[in-house]
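J.: All chains should be built: construct the whole structure from the sequences, respecting the hints.
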Amino acid sequence: NAGVTQTPKFRVLKTGQSMTLLCAQDMNHEYMYWYRQDPGMGLRLIHYSVGEGTTAKGEVPDGYNVSRLKKQNFLLGLESAAPSQTSVYFCASRKIGTLHTDTQYFGPGTRLTVL
Amino acid sequence: TQLLEQSPQFLSIQEGENLTVYCNSSSVFSSLQWYRQEPGEGPVLLVTVVTGGEVKKLKRLTFQFGDARKDSSLHITAAQPGDTGLYLCAGARGATNKLIFGTGTLLAVQP
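For the record, the sequence lines run as chains S and X. Numbering follows the numbering used here, in which position 3 of the first sequence is assigned residue number -10; successive positions increment by one, without gaps. For the numbering used here, add 39 to where a residue sits in the second sequence, where the first one is 1.
No lab work stands behind these hints: they were computed from the structure. A portion of the hints provided could be inaccurate.
[Stated by the list, open to error] Now the in silico label distances, taken between C-beta atoms and shown as ranges:
id, chain 1, residue 1, chain 2, residue 2, range
1, X, Glu80, S, Met28, 15 to 25 Å
2, X, Thr101, S, Glu39, 37 to 47 Å
3, S, Gly(-10), X, Gly92, 25 to 35 Å
4, S, Pro26, X, His114, 22 to 32 Å
5, X, Asn57, S, Lys57, 40 to 50 Å
6, X, Leu42, S, Gly84, 16 to 26 Å
7, X, Asn57, S, Thr90, 21 to 31 Å
[Stated by the list, open to error] Here are the computed lysine-lysine pairs in the PhoX-like style, where the Cα-Cα straight-line distance is at most 20 Å:
id, chain 1, residue 1, chain 2, residue 2
8, S, Lys44, S, Lys57
9, S, Lys44, S, Lys58
10, S, Lys57, S, Lys82
11, S, Lys58, X, Lys137
12, S, Lys82, X, Lys137
13, X, Lys137, S, Lys44
14, X, Lys137, X, Lys109
15, X, Lys109, X, Lys95
16, S, Lys82, S, Lys58
[As the list claims (entries may be wrong)] Every beta carbon over 12 Å from chain S, so not counted as near; a handful from chain X, in silico:
id, residue
17, Glu56
18, Val83
19, Val94
20, His114
Ideal placement from N, C-alpha and C gives every residue a C-beta, glycine not left out.
T.: Here you go:
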């Protein structure tokens, strides 16, 4: 049981390049999330999904697209990277449950630098 | 707009000292969670508090949810070097319980 995994762990892009970050979970969770973490700002929600084939915008969705074609995978795409997208990206997943069991499990993160 | 403000932002203390971290908001949350994050890793859930006024203890850590469900505190007794890390509070809102994360408190406990 690997939990939540993210690939790649590190990436350097030039402005204007595109890339896809992959998140995979093996816990059969319905909900999946993409966050970015910047110094002094905690984690901010980019996009999320409440089930296979569904996606929704979070707090900071501009410049990103997502897809959830399979329940276990959640992809985050950057079509034309900008230096402002330099950040650490975290994926998380959780099962549908009560507030007391509402645990989000996070991946190890992807550190992205856009030059 | 940052809905959850944490204080202090940084804290460096000696082993054995006590400390309190605060998480404040003007918004009401259905639940409040505390996470700890170590360098190079994702956040790990420590506790979830749901009821206004609720107090939960996890060994040397005590968590409290404000009566109005707008704020929370984390108190650590006799801090140890292993407590070092970034502490994040997160409030849940909306039908899908999306989390709003606080700004974080970076704690360093010196031996």
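J.: For each hint, tell me whether it holds in the structure or not.
T.: Status of each hint after checking the structure:
1. Glu80(X) - Met28(S): 15 to 25 Å: holds, 18 Å
2. Thr101(X) - Glu39(S): 37 to 47 Å: holds, 40 Å
3. Gly(-10)(S) - Gly92(X): 25 to 35 Å: holds, 33 Å
4. Pro26(S) - His114(X): 22 to 32 Å: holds, 25 Å
5. Asn57(X) - Lys57(S): 40 to 50 Å: holds, 48 Å
6. Leu42(X) - Gly84(S): 16 to 26 Å: Since leucine 42(X) and glycine 84(S) have Cβ atoms about 24 Å apart, the given range 16 to 26 Å holds.
7. Asn57(X) - Thr90(S): 21 to 31 Å: For threonine 90(S) against asparagine 57(X), whose Cβ atoms are near 28 Å apart, the range 21 to 31 Å holds.
8. Lys44(S) - Lys57(S): holds, 18 Å
9. Lys44(S) - Lys58(S): This hinted pair holds, its Cα atoms lying about 18 Å apart.
10. Lys57(S) - Lys82(S): Judged against 20 Å, a Cα distance of about 15 Å means the pair holds.
11. Lys58(S) - Lys137(X): holds, 19 Å
12. Lys82(S) - Lys137(X): holds, 13 Å
13. Lys137(X) - Lys44(S): holds, 11 Å
14. Lys137(X) - Lys109(X): holds, 16 Å
15. Lys109(X) - Lys95(X): Holds, because 17 Å separates the two Cα atoms, which is no more than 20 Å.
16. Lys82(S) - Lys58(S): It holds: about 12 Å lies between the C-alpha atoms, which stays within 20 Å.
17. Glu56: holds, 24 Å
18. Val83: violated, 7 Å
19. Val94: Label holds. Min Cβ-Cβ 15 Å, cutoff 12 Å.
20. His114: Given that every Cβ of chain S is farther than 12 Å from that of histidine 114(X), nearest at about 20 Å, it holds.
Checked against the numbered hints given earlier, this structure breaks only hint 18.
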